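Keeping their order, the protein sequence lines are chains A and B.
Mapped onto my numbering, the consecutive letters of the first sequence carry residue numbers 55 to 1092.
Mapped onto my numbering, the consecutive letters of the second sequence carry residue numbers -12 to 552.
Take the hints with a grain of salt, since some may be wrong.
Okay, derived cross-link-like pairs now, DSS-like style, lysine-lysine, Cα gap no bigger than 30 angstroms in a straight line [unchecked claim]: (1) B/Lys10 x A/Lys611; (2) A/Lys540 x B/Lys281; (3) B/Lys496 x A/Lys900.
The calculated label-pair distances, taken between Cβ atoms and stated as ranges, are [said to hold, decoys possible]: (4) A/Asn918 x B/Ser524: 17 to 23 angstroms; (5) A/Leu480 x B/Asn263: 36 to 42 angstroms; (6) B/Asn263 x A/Tyr872: 53 to 59 angstroms; (7) A/Lys559 x B/Asp452: 44 to 50 angstroms; (8) A/Gly993 x B/Asn168: 24 to 30 angstroms; (9) B/Thr511 x A/Gly479: 51 to 57 angstroms; (10) A/Asn459 x B/Glu23: 54 to 60 angstroms; (11) A/Ala617 x B/Ser524: 42 to 48 angstroms.
To spell it out: a stretch of chain A is covered by chain B in this simulated footprint if at least three of its residues, at any positions, have a beta carbon under 8 angstroms from a beta carbon of chain B; those stretches are [claimed, not checked]: (12) 132 to 142; (13) 228 to 236; (14) 364 to 378; (15) 638 to 646; (16) 867 to 877; (17) 984 to 995.
Honestly, the hints are just simulated from the structure, not real lab data.
As the structure is a prediction and not an experimental result, all values here were calculated from the model.
We put the CB at the ideal spot given by N, CA and C, even for glycine.
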Amino acid sequence: MKCLSDAKQSAVLLTQRQRWLSLFFCFSLSFLFFSFSSLAQTTVSGKVTSGDSALAGVTVQVKGTSNATATDVQGKFTINAAANATLVFSSVNFAQKEVAVDGKTTINVQLNALDLNLSEVVVVGYNTQKKVTLTGSVSVVKGADLVKSPQVNVSNSFAGRITGMIVNNRSGEPGYDGSSILIRGLATTNNNEVLIVVDGVPGQIGGLERLNPNDIESISVLKDASAAIYGNRAANGVILITTKRGKSGKPSINASFNQGFTSPTRLPKMADAATLATIFNEVAYYKNPTLGMNQTYSAAEIQKFADGSDPLNYPNTDWAETSLKKTALQNQANISVAGGSDNVRYYVSSSMLNQDGLYKNGATKYKQYSFRSNIDANVTKDLKVSLYLSGRQEDRQYPTTSAGNIFRSIYRAFPMINAFYPTNGLPSYGIEGSNPAVMGTDIGGVAKNPIQVFNGILKGAYNIAAVKGLSVDGFLAIDKSWNFNKSFSKPYTLYNYDKNTNTYKPTTVGGSNNLATLSEGQGNRTQTVSNIKVNYQTNFGKHNILAFVGYEQSQIKTDTFGAYRENFPTTLTPDISQGGTSASDSKTYGASLSFTRKSYIGKISYNYDEKYLVDFNMRADGSSIFPKSKRYGYFPSASVGWRISQESFFEVPFINSLKLRASYGLLGNDNVRPFQYMNNLTFNNQVVLGSTIVPGIDLTKLANPIITWEESKKTDIALEATFLNHFNLEFIYFRQKRSNILAPRNASIANVTGIVNPWNASTLVPDENIGKVNSNGFEATLGYNNRKGDFSYGISGNITYAKSKIVFIDEPSGKPDYQRETGRPMNTYLLYNAIGIFRSADDLAKYPHLSPADAGDLIFEDINKDGQITANDQVRTKYGNIPEIMYGILLNGSYKNFDMNIVFAGQSHVSQVVIPEAGTVGNFYSSWADNRWSPANPGGSYPRVATRTSSSVNGNSYASTFWLNNASFLRLKNIELGYNLTGSLLAKTRMQSLRVYLNAFNVFTITKVKDYDPEGNNYSGQFYPQQRIVNVGVNVGL
Amino acid sequence: MKKHFFNHILIVAGLLSAASCKKDFLDVQATDRLPEQEVLNDSTLFEAFVTNRYIGVRLIDKEAQDPAPVGFGRAFEYAMWSSLTDESIYNNNDNTWFIQQGLLAPENTGIAGTFWGRSYRSIREVNYALANLPVVKMSAQHKTRLRAELQFIRAFRYHDIIRNYGGAILMGDKVYYLTDNLQDDNLFKRSSIKESLDYVYTQLDSAAADLPTDYDGSWATGRATKGAALALKSRLALYAASPLYEGAGTWANAVTAAQAVISMNKYGLFSGGYRNLFLDANNSEAIFVRLYMKNANHTHLEIANGPNGYGGWGGNVPLQNLVDDYQMADGSKFDWTNSTHSANPYTNRDPRFYATILYNGASYRGNTIETFTPGGKDSPDGPDKWNASLTGYYLKKFMNDAYPLQNPWGNAGFQPWYYFRYAEILLNFAEASNEANGADVVPAGSTLSARTAVNMIRTRAGMPDLPAGMSVSAMRDAIRYERRVELAFEEHRFYDVRRWKIADVTENKPAGGIIITKSGSTLTYTTKEALEKRSFSAKMYWLPIPRNEIQASNNKITQNKGYTQ
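Work out the full structure, taking the sequences as your base and the hints as a guide.
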């Protein structure tokens, strides 16, 4: 651990390669430190093998006792056991096996590697299927892999692991640290959100991010047409989550504890006081050159900033250092009990999570408590009932200022201002009354946002004994969430030092009118889903058939209300009843929304001898989002598979298995605002007549009476193989055609029609089924697993390439072709092409330029060669901020009792524009400040500075490729090193198992991006940074 | 037991299907929005739709960030319209400097790109209301009033289009729907300025005939009146007669239009002081105003424009160009070459100077403004030096010292905005009458000459009367001075220098500021350039129609001259 953090601290000085080496060195040292051999006694002995190789480190346990040992280098073991005992053989990468002793003294065992496990079952839509008979593109992640990451948010554990999934973590703020997930990239200009199904409940409230990863048995990702079984919500792919359930047998108790240390992956280095003071002088100089270079600060003053001789009047404040801790803590504890009898089985668990924010003395805290109880009961031979209950409390607490604003202030605040005056410790006025060193604390009050989520599912399955293979099942699921927020904003005092009078002038900020304000609200959400399904399964000869038909309906209701009150006479009563008395001191709001869906589902799955595989899916979906005449959609899909290696004619010795498969289907997307089929008129009360605000109504949405879901036609062609005993390969080519994409016409309609959309709000124009996007790409995975003596190891690489092409998007008819989005990938930028910096009058004469351009300004390319720089010179970038390529490298290895697991994740073909809010309104990244063009530095690689970059020709006014970063990166996303205690040492602890581990998240990143984390997508770089986490954990089985 | 469970499922399924027979499970009622029919069936709801037409849609960032959206024009925003003229610059830029520097282009309109879209959206909404008015159940008399009110609002929107872009595209009563051909050539045909004005005049005549003259219990301040309609017509008639409008109207018409307001004998000049006029609109000078109050407030002017020494952000800082134009209290010109003037430039000036501009030495919030250096607290030597005025002046007009400057959120921004006040009408009259009849002639139907009309305003301001016998040209200059000073920061200067076609002079002058150096107790004044490269070219007499609009019309809308199509 120390090694790792040392490596981390010195990372600034090391190259990436050196850093990697030093990590490796630490790892090797740890091996030496922990290594020792285990011993055991004798009665039963034997050897454990897999194929021809001996297996070391296999746990051999006398079933039902704590008596256990592990195999040695030769795979050999000896253990005391009674003649009627059963031995349990287990190892991470192999299927567990039980062998009765039956009085034998020698027991040799063959274990099957999990990858080759032919009976492995995968969860797919509405049922499960043997992996070998799958005809769709389904990725599976085991819960056991998810818990190898110290990340507390499940969505952050996918990067690099799952082909076809584009994952980007945009912020690390506790409570809002999830990743955006796209399956096969952007495929629609509408909502690209993936459907989450938990234990069979589509769109379960509470989603995926906050589930306890310890409760997750497996996650299946439906990427192709096989998702069509989820109908009009399936087009963006489906993630199926299955939680753990009990098995009959002695209760197994599992407990774990993790202590993590988090720190920002990256913070931009900002200019220091002397540099920024010089920059301010330059800004003034450019405005009025006749007044010289020291209009704002004299050379003597700048010297004082540099030498620190007068810290009261000439400080040099590092605002990030003053406002943020080096590391914050997080910890997680989890306990579960699973077991049961043949008729009743249970899995119950409970977990707790604490996360601290980065601010010094910060108010930010995230706490989560969750429980789960999954009970299955065989009521009779034919009737099975299951009850899944789970719930959690998510306690979020923040300062009353948002993280975005606090980080904005950190990057804006000038180093020439003290955060706290060195004379008396009083907080300064910061930047315009925002002092980030206190904004993160509770000085201005706190905003609490507790959310409770409850999910209950009652499932029943009845086997109709009269007809063999016929059964009925169904479920009723009720989800509820209660989202409460209460933000009490208190006034507090900041000080301005006046050196003329040597006084500290107090100024009150926070609250309103120098008094406290309170806003408080509640949002409740309920989803009820009921489902009933009739299943039939049969086989005759080598024909295997599985079929079902089902009906499902769901309803979602949301209610929100809230109140605001100000002018609190005191800050001691943060309750809504205790505020100011004037009528205008109080405000209220509230709204409710409901929508419903009705679905008919059917599937037929047929295979011959598990060799020829055919699947048909069908779903008819009705949705209240659409008008009566356009409500129902029909979503069929078909897929086929051929396991060539099962054919008798197939005799390729080095190929162990080979399967070809293909799928095609129609899927839908209904993820748009409801009620767009009618004209929406809404109250908007802002007109004052006489002395009152009168009621006012606006027409906020024009009707689209024929609005309906968008459609996706997906095709997949894939090959799966295992070869040379150790390799596995999957290659998928996919193609997707989206049509009827729901999008508002907000570009082609001239304003003169009066159909004008507001800025930054829902459009007046309704969504219409107009867009078309094609996308295609491939996914490839190549893995290798082997063991050599005590070493067992695996390496696997995966890559996803997904490229979209807009076929139709609403664009103005007069737009130049080279600026059109049509025919190009989605989400690209339109920018001026910066080709350099004007160095001299000669340069200015050489290139067409904007009329006030001067030396130090960016040169924009005159794309259309008309001799002037106009909007027609903007060009589309090749890439947007969603990567086209995402790849992962997974390494795992175990040696004796040690195991190690490494995930690298990378992205490529991706760009991000970041234009910092710099000028006399905010500090500069030092990369800019130190390399700026100035009369003193005419060779500078960055343009000259201005009052506001946001309205500068070198900044947002003429946003250019100068600010476009190649956001490609390769990052060590996750690493875990574990040690499993075995043999007599374990026996002494009286535990079934004991594992200690060290893991880390976002360890290092190789990227060209200089100033911020390349996963960020904030246009001005002002966001709560992504987290690096180093964590130690222990896991015990009782 | 097993039968029981199975039965249960069947019962549930049965209930579900039974329920779906009665009312489709998929029929869901909206609760947070109204269907159109409800609004048209209920006269109160319909009127709520009509009154909201006084405000407009938000189209860009940093526009109407506070609760109340923009009405007509721009009015109170962080960067005010004055900061595109020789009245002020906006200290924090916010896409105003490049306009001052002559970079305004169809693709880069900054704060000057919203009149087109906002006006046409409002025109459609008005047309929608007019089209549905006949079916709404209310008294015929009230319907007539609402129709007149809607016509007035529509005319005001066209005024925003005409004075910024010239010839408008006239929509008549047509309401375009998504199902219409939105690429129809008729949609993109610009009328001439004269055709546009003639249409607006007929609308205003009709509105003036039906609108009430006075506010009462059923018609509150803030709504259109006969006076508002006539005032708007007066302004347009004056513009139409001006050089830029190329003969679209005559000065005689402009005299008539202004006289129509004067003849109402309803309005007068406020006698409570020029400065107080802008803090409260409850006076007889107000013809048509936008009102604000708590929870429907505009920008917090005091912090936005206040001096850095008080925690203000500088904001719209007056230019030396304007400061220099204020006459001496005796009516003579201020002159830097006059040593008495240059030693004490802020002494003995037109009283309106003191009500409009915060200068070094002015008293403010119980203190004194210090823009001198070294050490002045409202200069770059003060706190938050980046908020120190670039010109050395701060805006005083509109500022209400009773509102909090620091931490004012929600407790400021209640000042009224005058769309029309009587002083403007008198100046309209004076200008038109001077041009048509000369300075001293009282035209038929009137009791005022150009000179007496101007003198009413000068008298109220505390300035000496203009003498009789001035030439048309001298009187023209006097009136131009009066408009510059009396109507400063009220969104007149931008349009006045354009219609007079003097912008190529006034807007090409460097943006001036002052450096005040303190040495002992002596102050020396040096003028400086506050914003570099101020420039104006002929194309800028009209705003460019935004590029998106031209493109959306497939280049069928004719762009204003001089800008890239």
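Going through the hints against the structure:
Using a Cα cut-off of 30 angstroms, the hinted pair B/Lys10 and A/Lys611 holds, with the two alpha carbons roughly 18 angstroms apart. For a cut-off of 30 angstroms, the pair hint linking A/Lys540 to B/Lys281 stands: about 23 angstroms separates their Cα positions. Between the alpha carbons of B/Lys496 and A/Lys900 the distance comes to roughly 29 angstroms, so the proposed pair stays at or under 30 angstroms and holds. At roughly 21 angstroms, the beta carbons of A/Asn918 and B/Ser524 sit within the given window of 17 to 23 angstroms.
Distance hint check for A/Leu480 and B/Asn263: the Cβ-Cβ separation is about 39 angstroms, which falls inside the suggested range of 36 to 42 angstroms. Checked against the hint of 53 to 59 angstroms, the C-beta distance between B/Asn263 and A/Tyr872 comes to roughly 58 angstroms, which is consistent with it. Separated by about 47 angstroms at the C-beta atoms, A/Lys559 and B/Asp452 satisfy the suggested range of 44 to 50 angstroms. At roughly 57 angstroms, the beta-carbon separation of A/Gly993 and B/Asn168 lies outside the given 24 to 30 angstroms, and the hint is violated.
Checked against the hint of 51 to 57 angstroms, the pair B/Thr511 and A/Gly479 fails, with Cβ atoms roughly 41 angstroms apart. A C-beta distance of roughly 40 angstroms is found between A/Asn459 and B/Glu23, which places it outside the suggested range of 54 to 60 angstroms. Distance hint check for A/Ala617 and B/Ser524: the Cβ-Cβ separation is about 54 angstroms, which falls outside the suggested range of 42 to 48 angstroms. Closer than 8 angstroms: that is the beta-carbon criterion, and the region 132 to 142 of chain A has 0 residues meeting it against chain B, so the requirement of 3 is violated.
Only when three residues or more bring their CB closer than 8 angstroms to a CB of chain B does the claim for the region 228 to 236 of chain A stand; here the count is 0, and the claim is violated. With 0 residues having a Cβ less than 8 angstroms from any Cβ of chain B, the region 364 to 378 of chain A misses the three-residue criterion, and the hint is violated. Evaluation of the coverage hint for the region 638 to 646 of chain A: fulfilled, as 4 residues show C-beta separations to chain B shorter than 8 angstroms, against a requirement of three. Against chain B, the region 867 to 877 of chain A contributes 3 residues with a C-beta closer than 8 angstroms to a partner C-beta. That satisfies the three-residue criterion, and the hint holds.
Counting residues of the region 984 to 995 of chain A whose C-beta lies closer than 8 angstroms to any C-beta of chain B gives 0; at least three are required, and the coverage claim is violated.
Hint compliance for this structure: hints 8, 9, 10, 11, 12, 13, 14, 17 are broken, all remaining hints hold.
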